[in-house]
Amino acid sequence: MMLWNRERYPLDLDNVLLRGCTVRNTEESHGVVIFAGADTKIMRNSGKTRFKRTKIDELMNYMVYTIFVLLLLVAAGLAIGHSFWYEEIGAKAWYLYDGKNDSTSYRGFLSFWGYIIVLNTMVPISLYVSVEVIRLGQSKFINWDLQMYCAEKDTPAKARTTTLNEQLGQIEYIFSDKTGTLTQNIMQFKKATIAGRCYGDPTTAEGVSLDRGRPVDWSWNRDADRKFEFMDHSLVANVRSSKDKDAMEFFKLLSLCHTVMVESKEGELVYQAASPDEGALVTAARNFGFVFLSRTQDTITIREMDQEATYEMLALLDFNSDRKRMSIILKFPDGRIRLYCKGADTVIYERLSPNSRHKDTTQNALDTFANETLRTLCLCYKDIRIDEYEAWSRRHKEAQVTMVDREGALDRVYEQIESNLMLIGATAIEDKLQDGVPETIAKLAKADIKIWVLTGDKKETAENIGFSCSLLTDDMSIHYGEDVNEKLRIRQATRRTDPATYQRGKKDSAQRFFTEPGKNALVITGGWLNEILYEKKKKRRRLRLRRLGKRPPPSSPQDGQPMNDWEKEMRQIDFVDMACECESVICCRVTPKQKANVVSLVKKYKKAVTLSIGDGANDVNMIKTADIGVGISGQEGMQAVMSSDYAFAQFRYLQRLLLVHGRWSYIRMCKFLRYFFFKNFAFTLVHFWYSFFSGYSSQVAYEDWFITLYNLCYSSLPVLLVGLLDQDVNDKLSLKFPKLYLAGQQGTLFNYRNFFVSLFHGIFVSLIIFFIPYGAFLQTMGQDGEAPSDYQSFAVVTATSLVFAVNLQISLDTSYWTFVNCFAVLGSIAIYFGIMFDIHSAGIHVIFPSVFTFTGVASNAMRQPYLWLTIILTVGISLLPVICIQFLHKSIWPSVGDRVQKNRKKYEMEIEEEEKKKAPTFQRGRRSRRSAYAFSHSRGYADLISSGRSIRRRPQPRSGPQDSIREVSHREAENI
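Heads up, the sequence shown stops at 976 in my numbering, and the numbers go up one at a time, no gaps.
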């Protein structure tokens with residue numbers, strides 16, 4: 001509050017200049033710096049940011065810890081072996097004396113650290129770099145997918161993170177907003193009820209109903225929006241004749257009671273609406289002859305049937321999510337003072353005068369509109385005496401400058417004036433479903449993904465949209481908040497009387513909430529959600545006092561009242577278990593905080609991978625809480641997109657994101673990790689077997705340069721390409737068979753079982769790679785009399801066998817072959833031979849004699865047919881078990897993917913035939929379910945209007961018609 005010249009003025013956000021603002025046309029100003037330093041918004045909000053990690057990330061970290069422990073154990077075992085060997089053999093052999101008199105334990109200690117260094121390649125340090133490269137590539141594929149590009153909005157899909165791609169293949173629960181996510185959030189004025197009479201169906205000017213009509217011709221209205229369609233000619237005739245005073249008052253209210261801003265740009269009026277609903281209503285009033293032209297800080301100018309009129313605005317009572325209504329108090333040119341109000345039927349009917357007419361007929365019309373999934377809004381007015389307004393205005397000014405609970409004081413003052421209202425009628429706005437929503441939901445359901453809708457709209461609206469998009473079906477039993485609360489109350493009472501009956505984690509049928517056969521669905525409001533989860537303020541306060549010891553627990557606990565935090569937690573667990581038994585869950589009239597709470601409950605108690613999708617600022621909490629957040633770039637700005645991990649333009653792209661990109665990413669990453677662990681174990685454990693024949697002396701089995709280049713050049717490219725390009729079936733088959741997605745949800749492709757399979761596979765291959773050449777080199781002689789049984793030749797043979805084995809192994813695991821894959825496998829082998837012959841040449845040895853010591857070994861060993869037969873035998877035996885196991889699995893125990901691959905040609909032909917016969921299946925209006933009011937959940941421009949900051953001068957009188965009047969989105973309005 002500011003005191004100036006003995007007058008008090010309210011100070012709020014409208015009086016704050018943010019950093020970067022420029023003050024113009026101001027000679028002098030006084031101010032004070034507030035919210036500086038640690039109190040700035042960016043510092044206050046810079047709390048702990050939750051870093052999202054995938055399940056595979058967490059599992060991979062634990063596996064690396066496991067490998068590190070194995071490394072320590074193996075090194076310790078070999079160090080102990082070296083101590084015993086030195087005690088029994090090394091100390092007694094004169095030819096092994098190294099001139100040092102170190103003790104046995106010290107030599108064992110040195111051997112331990114020596115083997116830590118030799119076997120360090122068992123710990124996959126390069127794994128993390130390779131994983132990030134693969135994730136970056138997968139993110140680019142999402143960005144480049146033209147089938148997720150929306151041409152209408154020129155919006156491609158965008159992966160805003162590179163760390164969560166494989167998690168897209170493991171989603172179990174989807175939490176979706178409704179308005180703008182499932183629907184288009186493009187509002188169209190469709191129907192109205194005025195003074196008890198309904199308008200909007202195809203009707204002639206005389207009022208005769210038609211089965212099929214033609215849209216109204218707006219050529220009589222020079223300011224009309226030509227895109228606006230309305231089928232009822234009788235309402236237009238009534239308005240044009242000026243005989244129906246109620247209809248005139250109806251559209252006058254729509255043109256005056258709003259917070260739409262208007263700006264003239266190159267002869268055009270540009271409307272800036274705080275919500276699509278408000279823009280649609282003002283556009284409807286314009287087409288019926290009530291054109292909103294301009295506004296100043298204290299006036300509104302409209303054109304009423306070609307006659308311009310200016311009204312003095314005395315007060316603007318803006319909309320918010322608690323009030324669910326907005327009002328405006330105007331002084332008419334003849335001196336009358338009238339309040340216009342529009343809002344949700346639930347709040348308007350509570351404030352109607354007993355003398356108000358048409359309440360029952362209007363309620364019936366609201367029910368009818370609800371059945372057609374239309375968004376409804378009630379309109380009313382009240383005439384105010386001058387003395388009554390002056391008394392209220394004083395109270396209003398006092399509330400504006402109060403220092404304690406200013407918003408609450410203003411709401412109480414608003415309540416005083418918004419009473420004894422007279423009902424005029426109601427509007428009905430259509431918000432169409434987005435294209436492909438029912439099909440997308442049906443496919444995701446087949447993939448065993450459960451979809452919960454969390455919306456701020458009314459129960460009937462949300463339920464009807466649920467039927468329209470196939471989330472709810474006629475064969476489902478729908479349970480509401482009352483039923484849910486009763487079932488949970490009974491469970492709670494039973495638990496109190498017999499605690500042993502219900503135990504957490506027990507999954508017998510007696511614990512199920514719905515024992516009857518059939519599908520179930522929950523439809524629950526935010527109020528019941530607070531009641532069920534013990535989140536009401538009184539209950540939370542009681543629990544807090546009991547926790548602090550300031551309130552004793554009740555001696556006789558009442559149903560519905562938690563005794564302690566444990567009971568509250570069990571109640572939440574019961575609710576989550578009940579909801580998860582249902583096919584669909586719809587939570588309506590929920591706040592952004594409640595949306596986030598529902599998501600966190602499922603994450604906490606089900607340990608499930610969750611995805612949240614929304615398009616508005618009220619979805620940001622939900623998007624950030626879920627494991628993966630998806631933002632839709634719609635009509636409500638970019639807040640959801642900026643907070644999301646993935647973004648695209650329409651809900652239907654979600655099925656491709658999950659069933660194609662998500663599943664492919666998961667399969668590729670799992671295959672990559674299994675193979676990466678295998679090839680490292682097969683490479684490193686050869687040192688382990690060699691140590692038994694080298695006195696546990698930390699001697700390496702390969703040449704030093706081979707150890708350096710193995711992961712860099714000889715085995716990295718093929719597995720990287722599998723992680724980037726591999727696919728078991730193509731994208732069309734992935735969408736045709738959603739059951740393929742189940743492997744990711746169950747985590748069957750990568751877990752500790754797969755890790756130990758890779759470990760034992762690596763142990764087996766390392767055994768073969770070491771002992772077959774060892775046996776072949778034992779007591780042998782080459783064709784030319786040269787003995788190939790030296791250490792260096794043995795190292796070359798084992799290394800060559802290893803390179804062939806690991807590259808052919810990845811070839812067996814590759815499902816999708818391209819030229820690049822072939823080039824990578826053959827190129828890796830060719831690079832190995834090229835580098836090996838170079839570093840074993842005499843020329844490089846002459847230049848660096850101490851670095852390249854295997855002079856001539858490769859050429860000598862590789863010209864021995866005996867050694868080539870040894871290599872072939874080693875590689876063949878290492879691959880034979882894998883080939884046999886894969887054959888048995890695909891023949892005897894085929895997976896869903898194996899069966900689809902087997903009949904791939906047949907299914908692809910079926911898809912082509914289906915695409916030729918494809919026809920639209922969804923039509924609005926087939927179902928008859930309730931729907932009702934769903935209005936904007938963001939504040940309007942009342943503060944801007946009342947402050948006058950955005951209005952520079954009064955507009956000049958208009959002498960001619962406007963060229964055109966158009967609307968812009970909320971986002972563009974904010975930019976303006």
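Honestly, I wouldn't trust all of these hints.
As the list claims (entries may be wrong) - DSBU-like mimics (lysine-lysine), calculated; alpha carbons at most 35 Å apart, straight line:
hint	residue 1	residue 2
1	324	446
2	902	450
3	140	603
4	916	736
5	140	450
6	331	140
7	245	450
8	593	606
9	227	890
10	603	397
11	227	324
12	739	905
13	736	487
14	265	331
15	450	606
As the list claims (entries may be wrong) - Have a look at the derived ranges for each label pair, beta carbon to beta carbon:
hint	residue 1	residue 2	range
16	831	790	43 to 53 Å
17	226	480	38 to 48 Å
18	229	40	46 to 56 Å
19	816	38	47 to 57 Å
20	432	917	40 to 50 Å
21	2	489	20 to 30 Å
22	746	863	31 to 41 Å
Just so you know, these hints were derived from the structure itself, not from any lab. Small disclaimer: the values here were computed from a predicted structure and weren't measured. All C-beta atoms in this analysis are idealised placements derived from N, C-alpha and C, irrespective of residue type, glycine included.
| query | Holds or violated: residue 227 with residue 324, Cα cutoff 35 Å? | reply | holds, 29 Å
| message | Checking one constraint from the list: CA of residue 739 to CA of residue 905, max 35 Å. Satisfied? | response | holds, 19 Å
| said: I want to verify a distance hint. Is the separation of the beta carbons of residue 746 and residue 863 within 31 to 41 Å? | reply: 52 Å Cβ-Cβ, so the 31 to 41 Å window is violated.
| query | Given the hint that residue 140 pairs with residue 450, does the C-alpha gap stay at or below 35 Å? | reply | Between residue 140 and residue 450 the Cα gap is close to 28 Å, so the pair holds against 35 Å.
| Given the proposed pairing of residue 902 with residue 450, does the C-alpha separation stay at or below 35 Å? | holds, 29 Å
| request: Kindly confirm whether 40 to 50 Å is satisfied by the beta carbon distance between residue 432 and residue 917. | output: violated, 25 Å
| message | Does residue 603 sit within 35 Å of residue 140, going by the straight-line distance between their CA atoms? | response | The given pair, whose Cα atoms are some 29 Å apart, holds under the 35 Å limit.
| residue 227 paired with residue 890 [C-alpha distance capped at 35 Å] | violated, 59 Å
| request: Starting from residue 736, check that the Cα of residue 487 is at most 35 Å away, please. | output: Distance ~39 Å between residue 736 and residue 487 Cα, so the pair is violated.
| message | For residue 450 and residue 606, compute the direct alpha-carbon distance and say whether it is at most 35 Å. | response | holds, 13 Å
| query | Given a hinted range of 46 to 56 Å, is it respected by the beta-carbon distance of residue 229 and residue 40? | reply | holds, 50 Å
| Within a Cα-Cα threshold of 35 Å, do residue 593 and residue 606 meet the stated pairing? | Since the Cα atoms of residue 593 and residue 606 sit roughly 20 Å apart, the hinted pair holds (cutoff 35 Å).
The structure fails to meet hints 1, 6, 7, 9, 10, 13, 16, 20, 21, 22 from the earlier list, while all remaining hints are met.
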